[in-house]
Amino acid sequence: MAADPQRSVWVSANAGSGKTFVLARRVIRLLLAGTAPSRILCLTFTKAAASEMQTRVFETLGHWTTYDDARLSEEVREIEGRVPDARRLARARHLFATALETPGGLKIQTIHAFCEALLHQFPLEANVAGHFSVLDDRQSADLLATARAQVLARAERSPDSPLGRALVFLIAELPDKSVETALGELVAKRDQLRRWLQHASSPDLALGELQRLFGLSEQDTVASLEALVFDERTIDDVAARTIAEALAQEPRPTASARIASGLPSYVRSGAVARSLALRLSQQDLSPTKALAGKGGRDCRSADRRAPRRRAGAAARSSGATAGGLYACGNANRVAPGGCDAAGL
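All the letters of the sequence shown, read from the start, carry residue numbers 470 to 813 under this note's numbering.
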């Protein structure tokens with residue numbers, strides 16, 4: 470049914486299920502019905518799909534030129550569902566030559582190739598040069614790398630220029646790999662950035678728009694915002710528990726299991742949850758290796774021994790709550806019960 474050109478159909482199926490086969494049959498049935506090859510347009514997403522479909526169509530038509538009447542009649546009957554007459558057999562036998570002799574050939578191409586052909590046909594209307602060519606991925610990557618190197622070199626030669634100051638800021642704030650990633654994302658989204666700057670009229674107004682979007686004032690600085698974010702008093706119990714639970718979803722399976730098994734005992738009270746959340750959020754929301762590994766096992770072991778040590782711990786750590794959260798040994802090790810009196 471999907472190969473019947475008289476029907477408008479939508480075919481959705483998994484890869485390798487025969488979609489290209491059905492579409493090739495549909496094209497062949499159009500040709501058998503008398504449709505001129507120049508009036509058929511087939512668009513695909515990839516060059517590979519276009520090439521495969523064109524190969525299937527021309528292989529079938531090419532084979533038909535060598536078949537005897539009996540075999541050709543059987544082939545056409547299988548495609549159309551009816552026995553062909555002599556006139557239809559003659560047309561089928563000449564389809565290969567007809568398709569080859571059509572100016573421009575049978576149009577089975579990608580969407581990009583179709584759009585490129587339209588631009589070449591109507592360059593004035595599209596406001597493009599008529600002799601343009603489309604870069605492939607490798608050429609585009611090479612040109613972008615060259616342009617980026619030239620911009621960075623110009624910024625390095627003029628450190629006091631706006632471009633130079635921007636480069637100094639990036640290098641100071643980001644590691645080398647992050648600078649490269651940031652520049653890559655900036656280039657990839659240059660059209661959106663250009664439209665945003667044009668809408669805001671100037672870079673300064675654009676930054677002001679960002680400040681309003683995030684609810685910032687002109688008095689806010691990086692230092693003041695960091696102090697606000699990492700102030701334990703600003704993290705309520707719900708937020709602390711949310712952070713702790715999120716950390717338990719660490720994508721590394723082994724670390725996830727260790728953290729998930731150790732967190733419940735550390736998040737029994739709001740104060741403990743706040744301390745743990747603050748401690749880990751200060752490390753870019755990434756669980757420490759000590760908590761996920763040997764340090765975490767030591768902490769859980771200390772937690773199991775806590776009931777036997779509470780009396781002694783309370784006596785040694787005046788003012789500390791038994792079962793509280795303390796720094797154990799080094800700064801990356803967290804243990805309940807108290808190894809010393811230095812709370813997080």
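Just so you know, not all the hints are guaranteed correct.
What the hints assert, rightly or not - Subject to a maximum C-alpha distance of 27 Å in a straight line, what follows is the list of computed DSSO-like cross-link-like pairs (lysine-lysine):
| hint | residue 1 | residue 2 |
| --- | --- | --- |
| 1 | Lys-646 | Lys-658 |
| 2 | Lys-646 | Lys-516 |
| 3 | Lys-516 | Lys-488 |
| 4 | Lys-576 | Lys-488 |
| 5 | Lys-576 | Lys-516 |
Derived by calculation from the structure, the hints in this document are not laboratory data.
Going through the hints against the structure:
no.: 1; hint: Lys-646 - Lys-658; result: holds, 19 Å
no.: 2; hint: Lys-646 - Lys-516; result: violated, 34 Å
no.: 3; hint: Lys-516 - Lys-488; result: holds, 15 Å
no.: 4; hint: Lys-576 - Lys-488; result: holds, 18 Å
no.: 5; hint: Lys-576 - Lys-516; result: holds, 13 Å
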